[in-house]
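*Asks:* So the chains spell out like this:
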Amino acid sequence: MRWTIALAVLGFTATAWAADVGEIKIAKGAAHLERGSQRLTVRVGMPVQESDKVVTGSDGTVGITFADNSLLSVGPSSVLAIDRYVFDSTTHAGQFDSTLSKGTLAVISGKMVKQSPDAMRVRTPSAIMGVRGTEFIVRVD
Amino acid sequence: MAALAVIAAIGLAVFLLRGPPDETVVVLPSADGHTGTVVVQRGETRQVLDQPYATSRTGHGEVERLSDSEVRRSFGNTLQALPARPTAFMLHFVTGTDELTAESKAELQNILAALKDRPLPDVLVIGHTDTVGDLIVNDRLSAQRAETVKGFLVEIGIPAARIRTSGRGEREPLVRTADEVDEPRNRRVEINVR
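Protein chains in written order, with the working numbering: chain G, 1 to 141; chain V, 1 to 194.
Among the hints, a few may not be true.
[What the hints assert, rightly or not] Below, computed lysine-lysine pairings styled on DSSO-like, alpha-carbon distance capped at 30 Å:
no.: 1; chain 1: G; residue 1: Lys102; chain 2: G; residue 2: Lys28
no.: 2; chain 1: G; residue 1: Lys111; chain 2: V; residue 2: Lys150
no.: 3; chain 1: G; residue 1: Lys28; chain 2: V; residue 2: Lys116
no.: 4; chain 1: V; residue 1: Lys105; chain 2: V; residue 2: Lys150
no.: 5; chain 1: V; residue 1: Lys116; chain 2: G; residue 2: Lys111
no.: 6; chain 1: G; residue 1: Lys28; chain 2: G; residue 2: Lys111
no.: 7; chain 1: V; residue 1: Lys150; chain 2: V; residue 2: Lys116
no.: 8; chain 1: G; residue 1: Lys114; chain 2: G; residue 2: Lys102
no.: 9; chain 1: G; residue 1: Lys111; chain 2: G; residue 2: Lys53
Simulated from the structure, these hints should not be mistaken for laboratory data.
Full structure from sequences and hints, please.
*Replies:* Below is the structure:
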């Protein structure tokens with residue numbers, strides 16, 4: 001019985017850890033995460049997961065650090081979807097796809113892009129961007 | 001029903017009048033001065049941005065170039081929200097102990113000052129030894145060095161739960177040496193912060 005509980009707890013933490021791909025480091029003004037049917041008000045320290053959508057109000061900005069040290073910030077009146085995030089901390093292989101449907105996004109690419117130049121893609125309504133180890137800004141008006 | 005059709009027609013008209021969204025992509029020089037590359041694929045058009053401030057905009061065939069001040073003015077609030085960049089430090093130790101060298105004691109103060117106000121740091125502290133002494137003793141010593149450094153970080157207010165430590169013993173020397181070599185550069189702790 002005790003072992004079952006211990007295993008259940010272990011399993012739970014492992015799952016929770018695996019699902020968290022980043023962390024909110026900076027949060028100002030109105031912003032929330034859409035996770036499935038949940039709507040979570042953004043707080044500093046909140047974990048970010050694959051398939052989350054970051055939505056900011058007209059005074060909102062959010063800064064996120066990801067597992068591979070990719071850094072993202074989302075400006076005011078923006079919608080950014082984390083479509084796919086996979087990272088192997090041993091090999092640094094991974095894939096990071098996101099979609100900015102409106103607003104502003106700033107990116108500093110991380111370890112997975114150093115490992116594989118095609119690992120990071122950002123989509124907008126009219127374009128798709130491939131990232132080769134760099135810092136850049138995208139705006140959709 | 002008619003009302004719905006009118007609303008739909010207005011919606012379509014607004015969409016057509018506005019046209020596709022106006023999009024801008026700007027590549028920035030990174031902190032170390034190096035500029036990477038962003039490839040922008042827009043339908044059949046492909047633009048390669050590999051110069052500082054190179055800019056791609058919908059409806060503009062040529063790659064343009066914004067000034068630094070234009071970027072600050074247009075994107076300043078977004079850039080300000082970028083989390084602090086990951087950073088790393090190294091400290092050195094007196095042989096066979098977890099006591100910092102005199103130089104590292106001074107350096108420690110700079111490191112602590114740099115980390116004190118960092119919001120929500122994630123810290124990884126890795127201890128190492130030189131090849132003097134046996135493997136097991138060095139494993140223990142490297143772990144102790146990492147724990148000692150963790151103690152300094154906890155003292156300035158970084159939550160212990162956000163600091164991971166490990167000891168690598170003599171397995172990962174910075175400078176490769178024969179066994180039983182007193183090498184000050186290998187007696188070290190690495191602090192990785194993000």
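*Asks:* Which earlier hints turn out false for this structure, listed by number in ascending order?
*Replies:* none
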